Each structure stands twice: as structure tokens, then as C-alpha cells.
Amino acid sequence: MWRFNRNYLFFNVITNNVYQHLIKYPTPINLNYLWNFGFMAGIFLVVQILSGVFLTFFYTPHIELAFYSVERLMRDVNFGWFIRYIHMNGASFFFFVIYIHILKGIYYGSYYFPRNSVWFIGCLMYIILMGTAFLGYVLPWGQMSYWGATVITNLLTVIPTIGVEILHWVWGGYSINNATLNRFYSFHYMLPFLLALLSMYHIYQLHKSGSSNELGTRSNSVEKISFYPYFIVKDLFGVCLVFLFFLYIVGIYPEIFNHSDNYENANPIVTPTHIVPEWYLLPFYAILRSILDKTYGILIMFVSILVIFLLPFVDKSTLKSKSFQPLNRILFWFFVFNFVFLGYLGSEDPDTPFIELGLMCGHIHLLYFFLFIPMNVLIEYTFISFFLRTYKFGRNSNS
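The sequence shown runs 151 to 549 under the working numbering.
Everything labelled a hint here was simulated from the structure, so no lab data went into it.
On a predicted model such as this, the values are computed, not experimentally measured, just so you know.
The C-beta atom is built at its ideal place from N, Cα and C for all residues, glycine as well.
Here are the simulated distance ranges between beta carbons:
{"no.": "1", "residue 1": "ILE179", "residue 2": "VAL320", "range": "47 to 57 Å"}
{"no.": "2", "residue 1": "SER535", "residue 2": "LYS174", "range": "35 to 45 Å"}
{"no.": "3", "residue 1": "LEU317", "residue 2": "TYR446", "range": "12 to 22 Å"}
{"no.": "4", "residue 1": "LEU347", "residue 2": "THR423", "range": "38 to 48 Å"}
{"no.": "5", "residue 1": "ARG225", "residue 2": "GLY313", "range": "40 to 50 Å"}
{"no.": "6", "residue 1": "PRO310", "residue 2": "PRO476", "range": "41 to 51 Å"}
{"no.": "7", "residue 1": "GLY313", "residue 2": "THR423", "range": "25 to 35 Å"}
{"no.": "8", "residue 1": "GLY401", "residue 2": "PHE208", "range": "17 to 27 Å"}
From just these sequences and the hints, can you work out the full model?
Following this line, the structure appears as C-alpha cells:
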């Protein structure tokens, strides 16, 4: 009897939470389709976990067998190619959705109080997602996988005194070996479940503080409607459109995001002529390689990744949404263009003029957060103070 009551109580708590957070949750009525991308990110996380679990049935985490286990999956396992292409291209679509979700948050001021905790959790998830994607990129054990792992793990050597020891500890030896592959495989398997837990906490904090909206006003100042059925239907419509395009890529152009060098087994003796990461890491790779000093380059790269955590502290604008800030809106689109251009530079050979352009665009990326945003806040306060004084003087003159 006690077991029945306990199970009933647990089921009741679960259904009540689902009802409150997915059905009756009061949502601002003025949300556009950009708010769909948070829901899409959750869907792609589920797709990646499910497809990844299936791939583990056939993958062998051994430096002599990993490459051939992937080949066997592609050639001999029924629909193995389909599951792998879903997982491989799903990572790219996942990052595409995440980048739009982040840019939406920056444009509409989703990082302001009381949603700053939501922003911090989301930024932490983004960092973990980047690490998870890098670990997964190593697992096929092709040429680009092996040398990508070599380049990235060697970044640890810039840590003073203990950097080399940490690198050997990560490798499990004095070079990348079987222990390294096993560790990467284990962490790549576990981290998505951590992301799933963080995403639930992310949603909890969002619903606790209330969703942002196009106007950038507080959640309680906007008319609201229940999440179901209105926004559920809207989200599902957006998901269907994106998934149609996703399946088109998987079925027609499955190798569009892959590198040809990864169809060669890892060879520690032969270095690829041009080592590049996946497209979603290219902007930061462009910053890293454009700075000739290794320590300074790694430091700037990590600062350029982590700088989004500082947005709630550097942007103290009165108007939260950039829809009402002409100058800030121009700066935002300039930032987006610069970030995309950095990705293009990262895909090119490390030569003139791409190195010089990467150095310039990397500094612009940081200046957006440390100079352009504070400058816009100062200009905004100056204009607001001027108009308030003018309005007050005009009223006094009329009276």
C-alpha cells in the first residue's frame, strides 16, 4: 500500500509539473518565431542523445578499431548510415539553432534582470556543448579527428608550471593513445545527459522569472496566454519546417559539413596540410591562429568565448530591446557580420591576408562587448538626460 501511494504521489508530481510548465504556463502574447529556437534546441538535444545511444551499440573505442567500426556501421549495419548522418549533421543543426537562440537573447535583452540566471545557465550549456562536440569530433578517429585532438589538447601546455603534466594526465600517457580515446568517448557519452539536466533547470528558471518578449519589458507588463495550444502549435510548426530541411540535408547532402581527410584512418606521422575544426568553432579558431604568440592567442580565444557571460554586467541600458535603439541595432548587426566573417577566415589557409583580417575581426569581436555596448549605454543616458531636462524646462516655461 505504501509503495502504491508513493508511486501515485510521484506520478502526480510529474504530471502536475508537466501541466504547469508545458500547458498552463502563461506566455507573453507578442512572441515571434525567433522564440521557437529554444524549443528546437531541446528537440535536437533529444535527437542527438537518441541517435548517439544507438551509435554506441556498434562503436569500438580503440585506436586500432574505432575507424573501422564506423566504416562497418556505415556499410554493413541496416540504416546505420542514416543514424550516423543524423547524429553528424544533427550536431551542426544543433549549433545553428543555438547560435540563433543566443543572438535572439542578445537582440531582445534576455540577459537583463530578473532573467540573468537564465542567461548564465544558457551560457554554461553553450560551453559544455562546445566541449561535447569537440569530443565527438575525435571519436571517428580519422585524420582530422586525430590532429584536431592533438592541436586542442596541446593548448593546455600554456598553463604555467603544470601545463605539460595536465596534458599527459588528459592523454593518459606521453602522446594521444588508446586511453585518450576511451576518456573522450566516456565524457562524450555522459555530457549530453548533463546538458539535459541543465536544460530542465534552464526552463525552470525561465518559467520562474517569466519569458522575455519583443518589447524588452518585464514579463508581468505584457498580456499573456497559456502555452498550450497556441505556442505549442507555433513551436511544432517551426520544428517541422526545420526538420524537413534537416532530413533533406541528411538524405541528399549528408557530407556537406564533413571533411574529406576524416575518411582516412588516423596517422600520427602524416600531418594534414590544413587542420580545421567544425564550422561552429571556426570563428574562435580564426582568433586563435591570427595571434602569433601562443599564450596570448589562447587567452584571447577563451576570453572571446566566455565574454558572453559579462553581458548582464556591461549592458546597463534602460531600453532592453534593440528594436528601440537604432545605434545599438546597427552595432548588433555589425557584430553578427563580423562573427560570420571570422568563421569564413577560419576556414581559409593560415596565410596573408586572412591572418591580418582575423586579428582585426577578433579585436572587433571583443570591442563589441568592452567598448561598443558601454559606449551605446553612455550615449543613451546622455540623450535621455538631455530630453528630460528639455522637457522639464519646456513645462516650466509654459507654466
